[in-house]
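Peer 1: Line order of the protein sequences matches chains A and B.
The numbering of the first sequence is the numbering used here, which starts it at 1 and goes up by one.
The numbering of the second sequence is the numbering used here, which starts it at 1001 and goes up by one.
Careful: at least some of the hints might be erroneous.
Claimed, not checked - Coverage of chain A stretches by chain B, computed from C-beta distances (three or more under 8 Å per stretch; other residues unrestricted):
1. 9-21
2. 27-41
3. 51-63
4. 70-81
5. 84-96
Derived by calculation from the structure, the hints in this document are not laboratory data.
Built from N, CA and C at the ideal position, the CB exists for glycine as well.
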Amino acid sequence: MNVPAAWYLVLAALLFGVGAFGLLTRRSALIMFMCVELMLNAVNLTFVTFARTLSDIGGQATVFFVMVVAAAEVTVGLGIVVAVFRRRSSISVDELSELKG
Amino acid sequence: MSAVAYAVPSILIFATAAVLILVGAIGVITLKNPVHSALSLIMTLFGVAIAFVAQSADFLAAVQIIVYAGAIVVLFLFVIMFLGVDRRQHVSVEPLVGQRVFAAVGVVITIAGVIALMAKAHWVTGAMSVSTNGVALATGQDNVKQLGTAVFTTYLFAFEATAALLVIAVVGAVLLARRERSLQSDEVEV
Chain A
1 MNVPAAWYLV LAALLFGVGA FGLLTRRSAL IMFMCVELML NAVNLTFVTF ARTLSDIGGQ
61 ATVFFVMVVA AAEVTVGLGI VVAVFRRRSS ISVDELSELK G
Chain B
1001 MSAVAYAVPS ILIFATAAVL ILVGAIGVIT LKNPVHSALS LIMTLFGVAI AFVAQSADFL
1061 AAVQIIVYAG AIVVLFLFVI MFLGVDRRQH VSVEPLVGQR VFAAVGVVIT IAGVIALMAK
1121 AHWVTGAMSV STNGVALATG QDNVKQLGTA VFTTYLFAFE ATAALLVIAV VGAVLLARRE
1181 RSLQSDEVEV
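Same shape as in the complex, but just chain B (with noise of 0.2 Å):
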């Protein structure tokens, strides 16, 4: 199993697809500016992009940048810009003394713990999909075909379910975010 005998165009995609997301990530967590952070945020969305589309998931990538990187993030900098926090935040206060060693050493742990049992198990297991009869998954056109089709006939009725969970998202949204005076006033009496 050594690298030689992976292609190079696809060790390029990886390694590309790696450096979008990685970077892009530690800047989220890294930049002071929220609206920064918010940019760098669509870099990784980028990246995870790149890595949908070098693994035959075509239609999964277009959603990415479209719902993610057009839809998401500019929800968050809207609200950034409305709120008026793009100032800067203070990173180097540490609210709770020694917060970021255990943050760091617990997720070091989780990590490790994932790496080191999925390298035992050899890293994938399960069956292959009968459905597929261990073709590889289509590309291009025929992805959106086969991906369609399991949504509209397997995952019916998650797909209604998730129909269902936007309404109630979107007017969740809106009555949180409604300004009302009167009911504010009670609250506060309260």
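Here chain A stands alone, though its shape is the one from the complex (with noise of 0.2 Å):
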């Protein structure tokens, strides 16, 4: 009998705090890509638990969609690192501050 499906849970959650305390402290824009990648993944994680224990191929079909959609969102993400690095030889956030009022 497989583990119960709280244990995946609980390492899925730790997997996002992980990720999200990495987003919100590092400061170099490619590592933050790769901290969404980990909470994108502990997502996944959860949702393939889910559909295990309720039996739904639905879970699984929405990951597949949620990784379609990760991929999009490198592409267009990292297109935009490469941008901003071209105008400012630098990818810290803490220096893209010409909004602030």
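From the two separate chains plus the hints, produce the assembled complex.
Peer 2: Below you can see the structure in the form of structure tokens.
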């Protein structure tokens, strides 16, 4: 018998927490993107766990779409990072402060 | 509900996945060199793939390795090396006073709240799927069949929408990353 769903849900919650902490504390745009990937993976893990527990393939289908959207997000995000780096020679988000009033 | 009731292999698989996921995730946020962070991210992605296989999501595990570890992380590495930012990142400098502490407190409160809520609600609530009549999801080849059937019937509209989204994303990324002299000089004057 497989381990209870609760174990995987707690693991996903911890992974989400680590990703969120990194997103809040790291200043490099690239690392922040990686932390977003960590959080997305945590949510995917939750979806798969619920799909297993409720015997519903819809959870896995959702993960499929999350992966597609994550791929699109990374493509555009890294494009923005490259564009910002061209202009400012830095990808530290602390230096992108033109919009402050 | 003692842990003894569960088969030892499944516990071992869970432990392996958990160690890979958590060690990789902590590596991503603590390592100074972005290249090391990206490699650490691959470790987490493999751990998640193991958890997927253990929960009869075989197709998604394969996609996880191919798309995430194979494409997205390589994209990250390309950008890191293209920009030449694989130098030290000052992790020790704290731009905002007390930022780490506030972040840690906020994250701990969020996680504790989520876990407490789930534990109170018996972890998994909701109805069993009617389409499978409560039978466990298939593994291996049948998992691909099940998932494919769902994606191409129930979720067909979402599937078509993701196709459009991917095209838009690719065109947008090319536009963003393209080097255009005249446009740049115009914008600088503004």
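Peer 1: Now tell me, hint by hint, if it's right for this structure.
Peer 2: Hint check:
no., hint, verdict
1, 9-21, "holds (count 12)"
2, 27-41, "holds (count 10)"
3, 51-63, "holds (count 11)"
4, 70-81, "holds (count 11)"
5, 84-96, "holds (count 5)"
Hint compliance for this structure: every hint is met.
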